[in-house]
Amino acid sequence: GAVVSQHPSWVICKSGTSVKIECRSLDFQATTMFWYRQFPKQSLMLMATSNEGSKATYEQGVEKDKFLINHASLTLSTLTVTSAHPEDSSFYICSASPLDGANVLTFGAGSRLTVL
Amino acid sequence: SQQGEEDPQALSIQEGENATMNCSYKTSINNLQWYRQNSGRGLVHLILIRSNEREKHSGRLRVTLDTSKKSSSLLITASRAADTASYFCATGGGNKLTFGTGTQLKVEL
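Residue numbers (the working numbering), protein chains in the order written: chain A, 1 to 116; chain B, 1 to 109.
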């Protein structure tokens with residue numbers, strides 16, 4: 001079945017630094033990937049839609065200069081949290097769907113970011 | 001904003017019992033999906049039910065959909081400790097899904 005790999009699974013960084021999270025579709029190609037943010041015991045909040053070869057589409061209220069998304073190939077999307085602050089600490093999850101897209105998403109295992 | 005709201009928010013049952021969780025949504029849909037999330041992990045797709053379907057089964061899972069009430073339910077029969085997880089309903093199109101608030105299920109031995 002479709003597999004999405006997300007790396008790193010957890011990261012701790014100092015305030016002011018930037019952190020990059022990778023999302024790879026291992027056995028399928030995805031023109032679109034999605035990035036979510038999840039706070040403890042809460043639901044997933046869609047941050048942005050990552051489009052291969054073009055700019056990402058951000059949800060209302062999500063700062064695109066803060067959360068840089070690059071989708072350079074059909075199997076890789078990256079999320080960079082720039083100048084991270086403690087309030088950016090969260091669980092970030094990516095998802096993707098094969099090109100023949102049955103509206104069913106495959107999720108990465110998530111990345112836990114802790115900003116000190 | 002979240003499309004779906006789920007209840008209960010948390011559910012604790014004994015192994016072997018059935019677990020039922022409900023999801024309500026606000027707009028018209030083409031389909032509704034249920035996902036499971038183990039603590040600190042990504043989501044796993046469980047089942048998709050189309051708007052023209054009323055009930056669907058997959059193993060120990062039974063999903064119902066009532067489009068007139070804009071609601072869906074997920075029933076897990078003969079629960080196991082390994083079913084302990086959070087369960088989310090999701091709606092949307094073009095792979096852009098909006099998730100419900102989730103039900104945290106705990107199955108105790």
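There's no promise every hint is true.
Result set (DSS-like, lysine-lysine): computed pairs, CA atoms no more than 25 Å apart in a straight line [stated by the list, open to error]:
| # | chain 1 | residue 1 | chain 2 | residue 2 |
| --- | --- | --- | --- | --- |
| 1 | A | Lys-41 | B | Lys-26 |
| 2 | A | Lys-20 | A | Lys-55 |
| 3 | B | Lys-26 | A | Lys-66 |
Hints in this document: simulated from the structure, not taken from any laboratory.
Query - 25 Å limit on alpha-carbon distance, applied to hinted pair A/Lys-20 and A/Lys-55 - result: holds, 17 Å
Query raised in the report: Regarding the pair A/Lys-41 and B/Lys-26, is the alpha-carbon distance no greater than 25 Å?
Result: holds, 22 Å
**Report entry** Pairwise hint evaluation, A/Lys-66 against B/Lys-26, where the allowed Cα distance is 25 Å at most
**Finding:** Violated, at roughly 31 Å.
Hint check: a violation occurs at hint 3 only; the rest are consistent with the structure.
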